[in-house]
Structure formats: structure tokens, C-alpha cells
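Colleague: Residues per chain, in single letters:
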Amino acid sequence: MIKLNNIHKSYVMGNNSLHVLKGIDLHIEQGDFVSIMGSSGSGKSTLLNILGMLDNYDNGTYHLSGNLISNMSETKAAKYRNDLVGFVFQSFNLISFKNAMENVALPLYYKGVPRKKRNQIALEYLEKLGLKDWANHMPNEMSGGQKQRVAIARALISNPKIILADEPTGALDTATSYEVMEILKQVNDSGITVIIVTHEHDIAAMTRQIIRLKDGRIHEIIRNGELKQFQKSYMKELETA
Amino acid sequence: MFDLDLWSEIISALKKNRMRSFMTAFGVFWGIFMLIVMSGAGKALENGVLDGVRAFATNSAFFWTERTSVPYEGFQRGRRWNYETSDMDYIRDNVKEVEYLSPRLFGNQQAGNNTIRGERAGAFNVYGDYPDYFKIDRWTPIQGRLINDIDMIQERKVCNIGERVVEVMFGKDENPIGQYLKVSGVYFQVVGVIHAETRINIGGGKKEETIIIPFSTMRKAYNYGNRVYFFSVTSKPGTKVSDLEEKLKTILKDRHKVAPEDQQAIGSFNIEKEFVKFNALFIGIQALTWIVGIGTLLAGVIGVSNIMLVIIKERTQEIGIQRAIGATPATVIKHIVAESVFLTVMAGYIGLSLGVGVLEILNQILLKGGDKLFFRNPEINLTMALSALAVLVVSGIIAGLIPAKRAVSIKPIDAIRDE
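Those sequence lines, one after another, are chains A and B. Taking this note's numbering, the leading residue of the first sequence gets 1, the next gets one more, and so forth. Taking this note's numbering, the leading residue of the second sequence gets 1, the next gets one more, and so forth.
Here chain A stands alone, though its shape is the one from the complex (with noise of 0.2 Å):
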């Protein structure tokens, strides 16, 4: 599904060249569910921008789904985009002035689907995220936790591949955190290969696969078997802290 074969990407700031990752080797299978950790710096955000076609990476290899992802064109990549992958943002990234149901819809109108249509479809999907209710309310009228799963059901709307989601739960109090995680399992449980940036090991140790990044390589993985050691260790983490 996803095959990275030594990627570097470094930013040029002025005389300055950031080298923030520096050779990354990734295999992520169709229906994972894996989560990307490491401290501020490390390149995770790089990383799953680089898996979003958001940015472009200087050397190596990207797979997705077969295709190989280098140097396409913005228009290109704007198709892929909205054919494979569907984003969830830390700050949810809704357009202000469009209502919830429009938001989610938005996808679509970009695929050229007539607009009754794309509506009634993206009823159905907040339907499934439990906020017919809300449709027709604007984003500054909803909580952190029914913006969330608008945006979330925004990204489900295109039918994608799989979801990226940049510290989906940043902004969200505990609670909510774990509602939206929720739903992402389902998400995944349908299939779809969830990919989520955070760096709060609770959210992590839902997931069934923990990618650690340390200054620009992958530290460790740990699967779903040692995910209990990984809490231990966390809680080590912590009172050490």
C-alpha cells in the first residue's frame, strides 16, 4: 500500500538547510492502523505531509498504491489527493463560511459531482457520525469535538484509501480525544488505513502500530503485540518525567 525507500527531505532556509529526514524506510499495509510519534522536530509532520502529497521529499522512493509519487504536478497531485487520501487536521481546517454538510461535500464538488447529490451523500455521512442534526450549522456554532468529525467525515467522503490525520486530538480535551479515537477505529475497522500524528502515547497506544521517529529516522516500531510493554515503558516515561 505504502512503500517509502529512504527518503530524505531537508529545508532551505535562507544559507541554512534543515535536514529533517534523513532516510526513511516504511512499509504500511492496506488496513493499518498506525501512529506516528516522536518529539517536536523529529520530521513526523514531514513525514505524513510527504504521505499526503503535501510536500515533496528530495531523494527516494514513494509508493502509493502502485504509483510511484515524485515530481508530479500540482493538478496531478490535487487528483490523487482527492482520489486516495482523506486529511483530518489538528485544527480541524473547516471553511468558515460553508455550513457542515457543505464542508463535507466540498470533496466531492471538486470531482465534479452535481451539488443536490453530493449533499444528500454528505448527509449520509454525518448521519454515521451521529450530526444530521447539525448540518446546516456553521463551524463557529460547533464544538472542538463536532468539528473534528465533520472534518472527519469530510476526509470518509471521497471514499479514500487512506485517512491522515495530523494530531487529530491536539485540540480536543480528553474526553472528545477519545470519542474522535473511536471513530477512527471504525474508520479503520471498514478497511481504510488509518495514519495519525500525535505525540500523546494514550491516543498512540490505540493504535495497532506505534512508528517512532528520533531526528529524522525511524527509532522504533512497535506492533501490536508489545504494545503492552510500550505502556509500561510510557508510565516509566512519566515518572521519570
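No wet-lab data here; the hints were simulated from the structure. Don't take each hint at face value.
[To be verified] Just a few of them, taken from the derived set where beta-carbon distance is under 7 Å, the chain A residues facing chain B:
1) N82
2) F97
3) Y110
[Said to hold, decoys possible] Straight-line Cα separation of at most 30 Å, DSS-like style, residue types lysine-lysine; simulated pairs:
4) A:K76 to B:K411
5) A:K161 to B:K411
6) B:K334 to A:K76
7) A:K98 to A:K117
8) A:K79 to B:K313
9) B:K240 to B:K257
10) A:K111 to A:K185
11) A:K117 to A:K76
12) B:K253 to B:K135
13) B:K15 to A:K132
14) A:K76 to B:K313
15) B:K411 to A:K214
16) A:K98 to B:K334
17) B:K411 to A:K3
18) A:K117 to B:K334
19) B:K334 to A:K161
20) B:K207 to B:K236
21) A:K79 to B:K411
22) B:K411 to A:K22
23) A:K98 to B:K15
24) B:K273 to B:K207
25) B:K277 to B:K135
26) B:K405 to A:K98
27) A:K79 to B:K405
28) A:K117 to A:K128
29) A:K132 to B:K16
30) B:K96 to B:K257
31) B:K207 to B:K368
32) A:K111 to B:K16
33) B:K313 to A:K111
34) A:K98 to B:K313
35) B:K157 to B:K135
36) A:K111 to B:K334
37) A:K117 to B:K15
38) A:K79 to B:K334
39) B:K405 to A:K111
40) B:K15 to A:K111
Computed from a prediction, not measured in an experiment: that's the story for all the values here. Don't be surprised by glycine CBs; every beta carbon is placed ideally from N, CA and C.
Add chain B to chain A, keeping to what the hints say.
Modeller: Chain B alone, transformed into the frame defined by chain A:
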């Protein structure tokens, strides 16, 4: 295809910044408004002036005499001289390019009130003219008739008078036709009240204050002998009046022992030359109108472009999100350009309508002013309005395209991160 989302996006974006949208639109509005009003006003001046000369034969030239400036054949410089009736006969017989020839005598103008009728008196411009004069500088009889060839041959004491002469010399209910006026001591019967079709004025004074009597009558009645003070000619079709003017000058200089190189002795001008000047003037006015109008419009368009840049800067994140969820660069550009064109065209359309409205009001006011105004029928033609509209659409596209390109050039991820 009507795209509701596109339009709802445009409207909401403009609504969010009412004041700014208004100010921007005002720039374009003002540009197009000025262009229309100035162009209309320029056209009005052109109409006014050209209407005043249109009835004048454009192939006409006029001659009078001045003092000589070069000594020649025993004569000193500074000699006063006149044309003679024999010159006129010579020209008629020998210069084939001449179509009409109309010599003129000036009546006594220095004597204060030169015209008397009972207890009424007035000072008017008195001319002795040939009937051909009416073919060069057009007059229409309001009452009665124009002076004709029989008046000339029989040397009748008749006259044509202008409207102002009627006002001064006759009561409100009086019919001037058939009445007599005493002009410089001689009685003339009024046979026609005439109205000048042109406002080109030869010999000074207002055209309404003119009294015209037959040339032959004037010569005999006031003892002018064979002198001719002034004459007008028109050239036959196919001959340039400027060429004719030069040819006649050479002949006249030769006949009166005036040095061929004397530039001052013969005073003349031709309407053709004046027309060329007029035309150049109006082309100049129109060009200036466009330059200033386009300049103002350009300032407005730059304003729109600027505002679009700001709007796009504010909406960078939003555009980033849209692109993250699948909007292609083409879609983004389409939205921004549509917004810009909408703003420009709306503002331009209002400017266009208001400009035309102002011209119409001006027209109504001017119509009341009668035909003495050198300013009439302000108008704007359809081609002009349409080309202004085309300029607007094109400039709207350009104004939108620059910021749109910029918006697309930012990587989506940078756009989303933008706070």
C-alpha cells in the same frame, strides 16, 4: 453553467469585507464613469463646434487686402490698396477652378447708429454681397426671401436683415417684410429676415446683427466706385482650395504691382485649413480623454488586483485546505479570477450606467440652451461603451490572474500552516 458554490463563495468573500470591496469597486466605477463623461463631453464640444461650421462650404477661401510690406516697381512699402471689380471679372473669366465668386463691400461701421427707422435706431454690420454669397456661407430666410440676381441686375434698394435687427428696429407685432430701413442715409426695403446656419464670422460682429444689401446697389448708392474690399471663392470639385488660394494670390499680386514675395499684402484664409485644425483638435481631445480615462481605469484595476492580493493572503489557509482535499490549481484560479471579474464588471457596469445617465441629464439641460452654445448633444456610441466593457472584463481577468498565480504557487502544506 451556473455554479452556485462558486457564486456563494464569491458573494460571501465580498460580503465579509464590505467596506474594502466597496472602495475597490469605487476605483473601477470612477474610472469608467470619468471615461464616459469625458468622452461624452468631448463629443459634445465636437458636435457643438462642427454644427457651427458644417453648413459652411469647406472648399471656400477668403481674401482681403493689407498694406504692402515690400517696395516694388517704384512703390514704397506700406502702400494701401484695394481689389477692383475688374479683378473679379478677370478671375471669373480666366480661373476655371473657381466655382462661386462673391465680392463684398463693407458699409459704414464707424458712424455709431447707422440704421434708422422712425424713432428707432441701431448700429449694425452692413455688407454689400452677391447672391452667390449664400451658397458659400449658408443663411436661411425665416421670412420673405434671400437677395437674388434680379436685385443685383436692377440694383434694387432691398435688404436682408438678421434676427437681432428685427428685434431692435421693429415692434413685437410688426411684420418687417415690405418695411423700409434708412441705412447710412439711404432707404432700403426689407425683403427677408435671415438666419445664419453657421457661426463662422467674417468681418467681426454678431451674425444676428447683419444687414445684407445687393453688391451693385451698395456700390452705386454709397459711391464705392470699382473698389472691392473682400471676396470669397469656392473651388470646383477636384481642386484643392489651398492651391486655388495660392494661384489667386499670384494673379492679384501681379495685377496690382505687389511684390511676389510680399507675404503681408494679401490677407486670406481657407476653411479647409481650419477644418484640418479642428479635426486635429478633436482627435487630440478624444485621445486625451482615452488616455486620462484609461489611466483612471488602470488605477482602479490595480486597486482591484491589490485587494485581491490581500484577500488571497487572508485566505491562504482556506485555499490550502481546499487544495488538500482535492481542488486543482485550475479550480482555485477559476474562483479567484471569477471573483475579480465579478467585482470589476459590477463596478464598471454601474459606472457606465451612471455616466450615460449624467450625459443624458446634461443633454436635457443643453437642449434648453438653444443653438448658440458651442456644446451640444453629449453622446457616447455603442462601440465605445462596449469596448470600455471589454477593457473592464480583460482588466478584471488580469487583476485576478496575478494574485491567483501567487496563491497557487504556494505549496498547499505551507498554505495550511499559514496562521
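Colleague: Each hint should be assessed against the structure and marked as holding or not.
Modeller: Tested hints:
no., hint, result
1, N82, "holds, 3 Å"
2, F97, "holds, 4 Å"
3, Y110, "holds, 4 Å"
4, A:K76 to B:K411, "holds, 14 Å"
5, A:K161 to B:K411, "holds, 23 Å"
6, B:K334 to A:K76, "holds, 17 Å"
7, A:K98 to A:K117, "holds, 17 Å"
8, A:K79 to B:K313, "holds, 24 Å"
9, B:K240 to B:K257, "holds, 26 Å"
10, A:K111 to A:K185, "holds, 27 Å"
11, A:K117 to A:K76, "holds, 25 Å"
12, B:K253 to B:K135, "holds, 27 Å"
13, B:K15 to A:K132, "holds, 28 Å"
14, A:K76 to B:K313, "holds, 24 Å"
15, B:K411 to A:K214, "holds, 26 Å"
16, A:K98 to B:K334, "holds, 19 Å"
17, B:K411 to A:K3, "holds, 23 Å"
18, A:K117 to B:K334, "holds, 23 Å"
19, B:K334 to A:K161, "holds, 29 Å"
20, B:K207 to B:K236, "holds, 27 Å"
21, A:K79 to B:K411, "holds, 15 Å"
22, B:K411 to A:K22, "holds, 22 Å"
23, A:K98 to B:K15, "holds, 14 Å"
24, B:K273 to B:K207, "holds, 22 Å"
25, B:K277 to B:K135, "holds, 23 Å"
26, B:K405 to A:K98, "holds, 24 Å"
27, A:K79 to B:K405, "holds, 19 Å"
28, A:K117 to A:K128, "holds, 17 Å"
29, A:K132 to B:K16, "holds, 28 Å"
30, B:K96 to B:K257, "holds, 23 Å"
31, B:K207 to B:K368, "holds, 21 Å"
32, A:K111 to B:K16, "holds, 27 Å"
33, B:K313 to A:K111, "holds, 26 Å"
34, A:K98 to B:K313, "holds, 19 Å"
35, B:K157 to B:K135, "holds, 21 Å"
36, A:K111 to B:K334, "holds, 15 Å"
37, A:K117 to B:K15, "holds, 28 Å"
38, A:K79 to B:K334, "holds, 17 Å"
39, B:K405 to A:K111, "holds, 22 Å"
40, B:K15 to A:K111, "holds, 27 Å"
In the structure shown, no violation is registered for any of the earlier numbered hints.
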